[in-house]
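Chains as they are written, first to last, in my numbering: chain A, 453 to 546; chain B, 453 to 546; chain C, 453 to 546; chain D, 453 to 546; chain E, 453 to 546; chain F, 453 to 546; chain G, 453 to 546.
No lab work stands behind these hints, which were simulated from the structure alone. Treat the hints with caution; some may be incorrect.
Distance ranges between label pairs, derived from CB positions [as the list claims (entries may be wrong)]:
{"#": "1", "chain 1": "C", "residue 1": "Lys546", "chain 2": "A", "residue 2": "Leu499", "range": "25 to 35 Å"}
{"#": "2", "chain 1": "E", "residue 1": "Asp502", "chain 2": "D", "residue 2": "Leu499", "range": "19 to 29 Å"}
{"#": "3", "chain 1": "D", "residue 1": "Lys507", "chain 2": "F", "residue 2": "Met453", "range": "15 to 25 Å"}
{"#": "4", "chain 1": "B", "residue 1": "Lys546", "chain 2": "G", "residue 2": "Lys507", "range": "53 to 63 Å"}
If you're wondering where the values come from, they're calculated on a predicted model, not measured in any experiment. Ideal Cβ placement from N, Cα and C applies to all residues, glycine included.
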Amino acid sequence: MLQPLGDRVIIEITKPKEQTVGGIVLASNAKQKPQTGTVVAVGPGKLGADGKTIKPSVKKGDEVLYDKYSGTSVKYDGKSLLVLHDKDIAAIVK
Amino acid sequence: MLQPLGDRVIIEITKPKEQTVGGIVLASNAKQKPQTGTVVAVGPGKLGADGKTIKPSVKKGDEVLYDKYSGTSVKYDGKSLLVLHDKDIAAIVK
Amino acid sequence: MLQPLGDRVIIEITKPKEQTVGGIVLASNAKQKPQTGTVVAVGPGKLGADGKTIKPSVKKGDEVLYDKYSGTSVKYDGKSLLVLHDKDIAAIVK
Amino acid sequence: MLQPLGDRVIIEITKPKEQTVGGIVLASNAKQKPQTGTVVAVGPGKLGADGKTIKPSVKKGDEVLYDKYSGTSVKYDGKSLLVLHDKDIAAIVK
Amino acid sequence: MLQPLGDRVIIEITKPKEQTVGGIVLASNAKQKPQTGTVVAVGPGKLGADGKTIKPSVKKGDEVLYDKYSGTSVKYDGKSLLVLHDKDIAAIVK
Amino acid sequence: MLQPLGDRVIIEITKPKEQTVGGIVLASNAKQKPQTGTVVAVGPGKLGADGKTIKPSVKKGDEVLYDKYSGTSVKYDGKSLLVLHDKDIAAIVK
Amino acid sequence: MLQPLGDRVIIEITKPKEQTVGGIVLASNAKQKPQTGTVVAVGPGKLGADGKTIKPSVKKGDEVLYDKYSGTSVKYDGKSLLVLHDKDIAAIVK
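Take these sequences, add in the hints, and give me the full structure.
Here it is in structure tokens:
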């Protein structure tokens, strides 16, 4: 199991080749390759300026849209995972 | 449905090819391609330095002018959407 | 009508081709193309570090000198407008 | 008249071609073209982190040495002016 | 022995050539070469904005995934070590 | 006389060509050309985050080692001067 | 004698050509040339955000590993010295 640190979130990428998830077709902008995935693990959060922990804004199971070539991609137990920062998640697909 | 996170706003782009909306003709500056759209979803806001949430400055239904190649473009239910940060919205068209 | 957000100001550009306004001839520096215009709309201001709003330093009707290739240029009702940040206004022409 | 905003200062450039003013010969460093001029107008200052205004450190009439290719150069009533930020003034010539 | 300073952590790199550790196969993203290793030493932490020490989020013995070409690689007693900052550790492998 | 502003310090450069002062031979690093000089004038200091003035850490007469291609070089009364920021002074030669 | 300022530390470089000190063989990463040396002088520290001085984390006599092409190299009394910032010291060799 991979336990993300700080404000990191681990996502299982859904069909990275096809780029269609639940009816969504993603068009890429300049320098951006948007993709969707399902959150599989969430870090404890990071410290804010006032010394309190700011928790990531997503939870395990959320289907999310993330907006950048970011994070570290890892293959684990046959799954395509991506470790990225909470701020790189653009929206939750509901 | 897409629920934007933090200070993100989702906009439905209006006629991105023609660039004329309600009598406005947009001329692009160097490195900027201004466009207009209608706000379809607004995030909860982001934390300010004092730990209070700063809400986005637009609301659902606003017609807005945004000023940069920014955000993640998404096609959803046949609509052209753009997920961008509140700070990238330049003005409200009234 | 365009209502600027945050610390943005909308300016109606005066004779952008000729670069002479009220006796002023503008010479451009490296990477800078100074121009003048008249303020037509002012945003509500932005939040300072102490959580108070800092209002833009110009008001509607001011003739101003701005110092950069910045903002979003827009044509509206036949006028050449520029949406820019308060900090990009260099001086008021009195 | 040009009234500078924020921490800006307007300087009348003295002999920008020759680079000798009152016995001073200026040698340029890499990427820097030092020049001197006389302050003709001073902005009201900018807000510091504690919300108080920090006034520019020069006053009208000061002969100054400024250290960068910065600001907006303007010709006004036959004078060569430069609108620059207070921090770009290196020293007062006394 | 190497005692890391501040928020630095020293890691013993595990099979940097093969990139497979405990069933994990690492795929590299643009500009990133993810690797795993075992923590062998941890710094005392760094000062946060409130003057309190923020300890690194890993401890000696943790198997970690780090996400960048960062730190200083050192050979010591035949081991391949890497001195990096706590923030460059993406996740703990459990 | 040149009166430096803010945290600036004016230094009279000692033998900039030879690079040997008081037994010190300076070797340049990548992108750095270290030199020594004598402090001839010191600015009043700059404001810290708490609103108090932080005075430069050198005084008139100090022989100093500075570490970068920085500041504005000026010839004045036959002397080679350099106006630089306090933070660009690396050490005092005692 | 060289007295470093602020958070600077002066190090006497040990065998910069061979890169082996006390059994350590240093391998360089991209853009980094790690080296070791002995601390010969330590600055008084720098001001933290709360106005208190943060002392450098090493003391005279420490053998250290530093991680970048940083600082100003100086030859003094036949010794190869390096003036660098405290943050550029990666670890203490014990």
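A quick look at each hint next to the structure:
1. Separated by about 49 Å at the C-beta atoms, C:Lys546 and A:Leu499 break the suggested range of 25 to 35 Å.
2. Our hint of 19 to 29 Å for E:Asp502 and D:Leu499 holds, since their Cβ atoms are close to 24 Å apart.
3. Taking the beta carbon of each, D:Lys507 and F:Met453 are about 23 Å apart, inside 15 to 25 Å as hinted.
4. Distance hint check: the CB atoms of B:Lys546 and G:Lys507 are about 57 Å apart, consistent with the given range 53 to 63 Å.
Hint check: a violation occurs at hint 1 only; the rest are consistent with the structure.
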